[in-house]
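Colleague: Residue-level listing of the chains:
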Amino acid sequence: MKKRLIVLVIALVIIIAGLVMIFTKGFNLGDEYGKYTMVNIYMTDPSNIEDVRQIADEVIDGDFTVSYTDEFNDTASIKVKSITDEQVSSLKEKLKAKYSFEDVENNVIAINVPSANLYDLVKVYIAPIIIALALSLIYFVIAFRKLGIVKALFTPIITVVGIVALYISIIAIFRIAITEYLIPIGILLFILTLLGNAIYLKSQK
Amino acid sequence: MKNKLKLLFYILIIVLISIIAFVGVYTSKTQFRDNALPKYSLSSEFTGKRITYLQVDDSTSDVIKDKDGKIVDSIPEDANKDDYTTEKVPVNSEEVLNSDNYKKMKEILDNRLEQFGTEYYLVKVDDQTGDIVVELEDNNSTDTLIQNSVQKGDFSIIDSETKEVLLDRSHIVKASVVYGNNESGAVVVYLQITFDEEGKEKLAEITRNYVETEETEDSESEENHKHVSIIFSGTTMLTTGFKSEITNGELTLSMGTATSNSALYQYISNASIYSVLLNNPEFPITYKVTTSEYINSNINQNIIYFAVGAIVLVCAIVVIYLIAKYKTNGLICSLGIVLEIAMLLILIRYTSTVISLGTLAALLVLVLLEAYCLMKVLNKIKENESYESVANATIKTYLDMIDLIVIFLIIAIVFTFMKEVAVYSIGMTLFYGIISIAIANLVFVRGMLLAKYNTKND
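Chains as they are written, first to last, in our numbering: chain A, 1 to 205; chain B, 1 to 458.
It is worth saying that the hints were derived from the structure and are not from the lab.
C-beta atoms are modelled at their ideal positions from N, C-alpha and C, and glycine is treated no differently.
One thing to keep in mind: the hints can contain errors.
Label-pair restraints from in silico Cβ distances [as the list claims (entries may be wrong)]:
#: 1; chain 1: B; residue 1: A186; chain 2: A; residue 2: S100; range: 36 to 46 Å
#: 2; chain 1: A; residue 1: T65; chain 2: B; residue 2: A79; range: 29 to 39 Å
#: 3; chain 1: B; residue 1: T129; chain 2: A; residue 2: G162; range: 35 to 45 Å
#: 4; chain 1: A; residue 1: I130; chain 2: B; residue 2: K2; range: 46 to 56 Å
#: 5; chain 1: B; residue 1: N98; chain 2: A; residue 2: V7; range: 46 to 56 Å
#: 6; chain 1: A; residue 1: D63; chain 2: B; residue 2: T291; range: 52 to 62 Å
#: 7; chain 1: B; residue 1: E95; chain 2: A; residue 2: I130; range: 24 to 34 Å
#: 8; chain 1: B; residue 1: I19; chain 2: A; residue 2: E86; range: 53 to 63 Å
#: 9; chain 1: A; residue 1: I130; chain 2: B; residue 2: Q192; range: 32 to 42 Å
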């Protein structure tokens, strides 16, 4: 009982800290979903990406990534968190000199990609999670009515909501970058917690 | 001897299914050796996506006015050019360029893409500049989808000669796709536009004034050449007159008469596009598509190997634990895990279940569920190693786990019936996974455990 209370208090502290972080600093949207600039270089022939990387390295101060955007290796993309207009112009000049672009404005295009709305990333999962949780709760109440409705209903609600809230709080507190991997992990936790409740309530029965 | 053969038979089948699933069946029907199994369907997370960049149109258009200040299409050839003035007017006025309209743009795009049935989309908007980036899955229909989604969506009925706007989209209540059969039995697809009360009256008036009448020898009526043009997204959809007055406020436009299924599909698809665009507001701002290109997936081969490696590692830990704790029975059950995964992979291929990152998470859930189930079976046998115990252990375990299975099926079915690929791929994997587990355990694991028990007691 005492151990359970300690775990509960720790969990509550983490969730409160997470909420504070979310409301004060928000989430770390990372490279994929945060704001960034994409400089696309349309080369006439397949080219060595290392040359592009070297030129970008001479112009850009901060971190950046360079990759091919297509399978023909004739379009490279520089992804950078922030870049000034002067740096873009300098990049264009150097790339023009390297690849002899006749129309550099069409060969090198900088695109400012806005940040994603977090709700857009998770909205498709909200309905199935709520429906699955609601149906599971109905089943728990019917199947484990002998344990009492309070236990059959509130144990799954508290554990599922608690685990998901803990997961979100940890992401917020440790400034873990939001990537496409985090949502499937959240789904995994949701499913395992619901299944865990079925096992726990059965053992109590 | 008979039981040993039985055991060997089960093991051979498991090996065979595993080879088919993990290695493939290679045939040389062409000059290359191809895997006869269907290919895995991968989600855009793995294959890459199309990124389309939309920018506020900052161009200007020429507005020609005559000496009375009336806007005209062009200066007539025989007219005095001094009587006309040409003004450069921005396509988007300053007033419309604000963050509220940028947000509205995103909302309209989101709704359009959802109603077009797009499986994956993400619309990002910059509230300050209005720049929009649309991420879509890349396939054969992506170009058409982009083309349809970024249409302004304006609609009006105008006089084809004077260009006077007779009815605009502010009176539209809804647009829907309807079908009917003509005299020859062919299916005619219509776009039906329903107007509000004011629109209904206006439509009745238009159709009264623009009724097509033909001159006949025995009547005094004259041919009516007055036509209306129906303008959609800046282009003339059709120019027509009306056969009779429309009093019910419903304008029904024929999209085509289908004589084949493919034509029918095409007409329905075209009508649906118009209906989606008319059921959503028109764009408050005119945008231009700057670039639209395919971007390779962020998830490289190493990350896939890592994810698959993690699942293999979990399997390996389970297998080692089962063998260490339950010896030969544990080894037999480990084969059950291998078989479950092998059967699931074959089912995923044949049912075209899309593999997403969520699918990998579902696969992990299935491995853990199978491990839990097998441990319960093995515990039952360990408690009482009699023929009845071995024969009934699997079935009894399933009955014991009925609550777990019901919850599992609830999740699987709810997720399967969602329309988003990221969600239904998880549901389908869970569903086929539980089938694989049932077959692996009830047929193979049970059979092998019984054969092993009988061999030992022969």
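Colleague: Are the hints correct? Go through all of them and say.
Modeller: Against the structure, the hints:
In this structure the supplied range 36 to 46 Å is violated for A186 (chain B) paired with S100 (chain A), their Cβ-Cβ distance being about 59 Å. At roughly 60 Å, the beta carbons of T65 (chain A) and A79 (chain B) sit outside the given window of 29 to 39 Å. Distance hint check: the CB atoms of T129 (chain B) and G162 (chain A) are about 41 Å apart, consistent with the given range 35 to 45 Å. In this structure, I130 (chain A) and K2 (chain B) meet the distance hint of 46 to 56 Å, their C-beta atoms being roughly 54 Å apart.
Evaluation of the 46 to 56 Å hint for N98 (chain B) and V7 (chain A) yields a pass: the beta carbon distance comes to about 50 Å. The hint said 52 to 62 Å for the Cβ distance between D63 (chain A) and T291 (chain B), and at roughly 24 Å that hint is violated. Under the hint 24 to 34 Å, the C-beta atoms of E95 (chain B) and I130 (chain A), about 41 Å apart, miss the expected range. At about 60 Å, the beta-carbon gap between I19 (chain B) and E86 (chain A) stays in the expected band of 53 to 63 Å.
Hint check: I130 (chain A) to Q192 (chain B), Cβ distance near 35 Å, so the stated range 32 to 42 Å holds.
Violated hints, listed in ascending order, are 1, 2, 6, 7; each of the other numbered hints is respected by the structure.
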